[in-house]
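**Student:** Listed here are the chains, written in short residue letters.
There are 2 protein chains.
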Amino acid sequence: MSDLPRKVDIHEEGPREGFQITSQIIATADKVRFIEALAETGLRDINCVSFVNPKKVPNMADAAAVASAIRKRRDVRYSALWLSLGGFERALQTPLDLSGLILLSASEAFSIANTGKTTAETVVEQSAMLKRYREASIPVEWASIMTAFGCNFAGDIEPKSVISMVATALELATEHDIQLHGVRLADTVGWATPVAIERVVSSVRDRWPHLRIGLHLHDTRGTGLANAYAGLRMGVDQFDAACAGLGGCPFAGHKGAAGNICTEDLAFMCEEMGIATGIDLDRLIDCGNLAEEIFGRPLPGKLMHAGTLSRFRGAGRYN
Amino acid sequence: MSDLPRKVDIHEEGPREGFQITSQIIATADKVRFIEALAETGLRDINCVSFVNPKKVPNMADAAAVASAIRKRRDVRYSALWLSLGGFERALQTPLDLSGLILLSASEAFSIANTGKTTAETVVEQSAMLKRYREASIPVEWASIMTAFGCNFAGDIEPKSVISMVATALELATEHDIQLHGVRLADTVGWATPVAIERVVSSVRDRWPHLRIGLHLHDTRGTGLANAYAGLRMGVDQFDAACAGLGGCPFAGHKGAAGNICTEDLAFMCEEMGIATGIDLDRLIDCGNLAEEIFGRPLPGKLMHAGTLSRFRGAGRYN
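Just so you know, the protein sequences line up as chains D and V, in that order. So the first sequence is numbered by the numbering used here: it starts at 34 and just counts up by one. So the second sequence is numbered by the numbering used here: it starts at 34 and just counts up by one.
Misleading hints may appear alongside valid ones.
Identical copies carry no separate label here, and so any pair may be met within one copy or between two of them.
Straight-line distance between alpha carbons at most 25 angstroms, and here's what the computed SDA-like set of lysine to any residue pairs gives [claimed, not checked]:
| no. | residue 1 | residue 2 |
| --- | --- | --- |
| 1 | K105 | K150 |
| 2 | K193 | T341 |
| 3 | K40 | R232 |
| 4 | K193 | R77 |
| 5 | K164 | S112 |
Bear in mind the hints are in silico, worked out from the structure with no lab data behind them.
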């Protein structure tokens with residue numbers, strides 16, 4: 034009936050996305066506690082912090098302290114994000130499991146608003162960063178194409194713009210002798226619908242049939258899991274998500290406004306559809322509850338409020 | 034790529050579902066204000082109140098008063114729900130646009146818990162109600178099969194149980210000379226996933242290829258719009274939804290816990306995918322904001338916090 038994968042890799046973005054967007058200062062110890070709890074759920078890649086300007090993102094001022102404090106499990110990758118070489122050099126001083134990312138935007142207007150750089154300038158910068166990663170023996174595994182489904186500055190994004198940026202990312206990888214694991218398409222500001230996912234993913238797949246595709250989705254307008262399902266149907270088997278639905282889009286300042294798609298809701302949907310995630314849902318629900326305790330307010334995740342179905346199964350008179 | 038319908042009918046359940054589930058008493062005037070605002074959005078069927086035991090559902094004690102106070106538009110149907118003949122007789126005294134519903138459950142355990150009646154007893158009762166509707170010249174247009182995707186008492190529900198109840202509903206209709214518009218499958222307690230939607234809808238469709246199918250979905254575990262998309266792909270063109278994501282499931286007492294799928298989020302997804310809804314999204318967003326004002330707390334709808342995409346289109350330098 035469709036091309037659902039047998040298993041998916043879910044990368045946890047909750048700590049980075051969640052701490053990054055909130056204006057309340059979260060204690061370092063709480064950040065560490067949340068990351069350590071997430072590492073006990075079966076998640077294998079946890080994006081912990083970003084090395085960005087602490088004047089712009091005060092909650093990331095303690096990124097290095099968080100990184101040092103985590104008691105690491107061997108089977109979990111504790112990753113990080115940075116947007117500049119300066120940020121990378123700071124990340125390099127920590128015990129985090131760094132990997133470089135080729136980061137491009139399908140919308141030049143977004144690129145300019147986000148980093149002050151045109152697409153051409155971004156390519157030059159990315160090339161310099163790839164050179165530095167090589168010197169530092171840091172692997173590069175994924176490219177990420179931001180605003181692949183729409184942009185608040187440029188409006189609708191045509192698949193050909195995404196194709197063009199994927200081609201640029203693959204050229205950059207080739208130039209630097211990098212064998213990418215795949216390319217991640219990001220719905221950075223929450224424009225996607227399932228039909229848009231199908232359109233863009235199929236365009237990329239038509240051009241590069243063997244390229245692994247990942248999706249980074251925000252649930253800004255409620256379509257997040259529908260978009261994930263559209264991706265799953267097309268065989269997409271890597272998703273970014275955030276525990277409790279943490280995160281958010283800069284323009285939606287409303288309390289509780291939509292962040293990333295919620296990890297436990299996505300994992301629940303996958304598991305119920307027979308797609309393995311490797312995640313212990315009950316433990317992940319505990320992490321969602323911990324996040325609400327730390328943030329001190331209700332968070333948008335649904336499963337953590339309703340619970341899984343396991344307690345209803347096998348107990349009924351009519352089952 | 035799929036069998037998406039060109040247009041869908043969305044029945045608004047927000048007033049009934051929302052007022053029914055909340056423990057806070059909402060003023061009659063606020064209920065009327067909300068219903069009247071919803072009627073200005075293009076919605077054509079608004080479920081306003083339920084005629085149920087006010088001792089169990091205190092917010093429905095003023096159902097008749099709400100019904101009488103609404104300034105009605107001619108092009109909107111102001112509907113209501115009841116679960117017994119007594120409730121129906123009360124509804125009949127109001128100026129609401131009544132239509133009878135054949136209401137069955139795919140789970141006998143749920144039926145017993147919900148109404149105290151076995152499936153056989155329910156069929157007898159429904160038959161008596163259909164007789165009474167005919168005497169009162171009240172049309173009967175839809176059958177609704179509750180717990181069609183899972184049940185907190187019985188666990189998983191096999192498609193054959195749904196098929197059996199649809200067959201019963203169609204037999205009841207035939208016995209009473211009723212030409213049903215269609216059968217609505219309800220995910221009453223939020224068990225469905227897109228794969229379950231496909232499985233059950235295709236089972237029903239295989240048996241009755243020309244029967245119109247509607248979906249009543251709750252977003253209890255975050256899969257609501259993904260489930261709606263799965264239905265749309267199969268050509269389902271009638272959905273129940275609730276403005277602002279009002280409603281809720283009795284066992285999820287958490288503040289802001291998942292209710293019905295959110296009308297404006299569903300309508301946004303449909304419109305963005307080229308499926309006409311007849312709804313003015315901006316006006317519906319205003320209704321969502323009004324609901325938050327009336328309920329005095331953030332509600333789960335997403336679009337009302339993020340806004341539509343129209344303000345970003347056509348304005349960009351790169352568009």
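**Student:** With reference to the structure, classify each hint as holding or not holding.
**Tutor:** Verification of the hints:
{"no.": "1", "hint": "K105 / K150", "in the structure": "neither (36 angstroms within a copy, 55 angstroms between copies)"}
{"no.": "2", "hint": "K193 / T341", "in the structure": "between (41 angstroms within a copy, 24 angstroms between copies)"}
{"no.": "3", "hint": "K40 / R232", "in the structure": "both (23 angstroms within a copy, 20 angstroms between copies)"}
{"no.": "4", "hint": "K193 / R77", "in the structure": "neither (33 angstroms within a copy, 39 angstroms between copies)"}
{"no.": "5", "hint": "K164 / S112", "in the structure": "within (20 angstroms within a copy, 66 angstroms between copies)"}
Comparing the model with each earlier hint shows violations of hints 1, 4; every other hint is respected.
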